[in-house]
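Just so you know, the sequences run in chain order A and B. Under the numbering used here, the letters of the first sequence match residues 1 to 123, in that order. Under the numbering used here, the letters of the second sequence match residues 1 to 297, in that order.
Don't take each hint at face value.
What the hints assert, rightly or not - Restricting the straight-line Cα-Cα distance to at most 20 Å, the calculated cross-link-like pairs of lysine to aspartate or glutamate (EDC-like) are:
| hint | chain 1 | residue 1 | chain 2 | residue 2 |
| --- | --- | --- | --- | --- |
| 1 | A | Lys120 | B | Glu44 |
| 2 | A | Lys119 | B | Glu49 |
| 3 | A | Lys120 | B | Asp46 |
| 4 | A | Lys120 | B | Glu49 |
| 5 | A | Lys119 | B | Glu44 |
| 6 | A | Lys119 | B | Asp46 |
| 7 | A | Lys120 | B | Glu43 |
| 8 | A | Lys33 | A | Glu113 |
I should point out that these hints are in silico values taken from the structure, not numbers from a laboratory.
Next come the chains, spelled out residue by residue.
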Amino acid sequence: MLDLIVTNRFAITAVVLFGIGLLNVMVQKNLIKKVVGFNIMDSAVFLLLASLGYVDGGTAPIVGDVGFHPLYINPIPSGLVLTGIVVSVSITAFALALIQRVYRRYGTIELDELLERAKKEAD
Amino acid sequence: MNKTEKNWKSQFVSWVNGEREPKDRTLFVMERRHIAPPRPTPEEQDRRERHRLYRFLHGYPLAALIICAVLVCVLLTAVAAMPDFGDPDNPTNNEVAEHYLEYSYEETGAANVVTGMILSYRGFDTLGESCVLFLAVSCVTLLLRREPGCDEEDPDELRRRRQEDELRRRNPDVILTQAAKLLIPCIFLFAVYVLLHGEESPGGGFSGGTILGCGLILCSSAYGPENVRRFFNSRIFSAVRTFGLLLYAGLYGFYIFMGANGLEYGASFTMAIDLAVGLVVACTVYGFFALFSRGEI
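When you get a sec, could you build the whole thing from the sequences and use the hints?
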């Protein structure tokens, strides 16, 4: 059991981080804290992907500057993480811009106040 | 029996034809008989609504906690079945990665396999990423752009911001300006190095573009946006990021059209695509900063 935890420590950390981020997204009432939760979930996914590509004793996959029979890490997860980071940055910026608009319109970014105010305006 | 069945069939046909409502008659009568309860007063309704919201907001965190705990347990069970970390025989290290590592240098001219992979083998993916960044900046511009003249915000806010600008222009921060004078050339040089050397060393379009954008942000914070706007106004901003995306699309389309295989000018081609990505990323980073901080480029 302990052996399993030690060998898969990165995956376990990623799962725990993912849970923390999801809980943040669901429970926090402040919209910016929800976005922070999203970013924690993103980091968990990146950690998992990057750890999947690692090979023991491997170096960065830059061909030709290490001696004979070098062992490189797997380059594919690195590329996937790059894609993920780009999407995460874009989504974060878009969400923050929406939150700024919400703040300009309603004067608050607390979710319960927002719900009450929107309901009052709808009546 | 036969009669009711026929009846049912004719009812169905007439419903499909749109001649009658799909309601059973008995149900309809019952609905008619049902007496509505007296409508609650607005205060009562408001109170009930608030109570419902209150109860929801208090029961909700517990439910969220349980959902998260269950999810984490399921994922941990999945982790227990995962192959060992760092084992070279893992199923993820298959022949695709092997092919990239072995032939990337010949086929794309890039010693950095990650750069060669994302810009040549999986170039469409990266084109999509550039489009995502482009669209993100466009969306943020739509949402946050402050049009001079037709503005919904109050004049107090506008006056306050103008006063702050004036104050900052008259008393510039000495530490910031001196440090910027020292750092900005180094940052731009490093950005160009990372950008153009991405196929040989760690780096490439994304990291180099980010460094370039950060240099622009430092310029803007140290010397004020009006000085940056002298060489990088919103027209140039739009032109540069559109040019980057079009350059990428054109180059990659040309590459695919030529057969996408072992061109002799592979290295310079990768460098050009890196440059295009870098331009888009730099504009994105600086655009986010400018739009969020003052609502204009």
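Hint check against the structure, violated hint numbers in rising order: none
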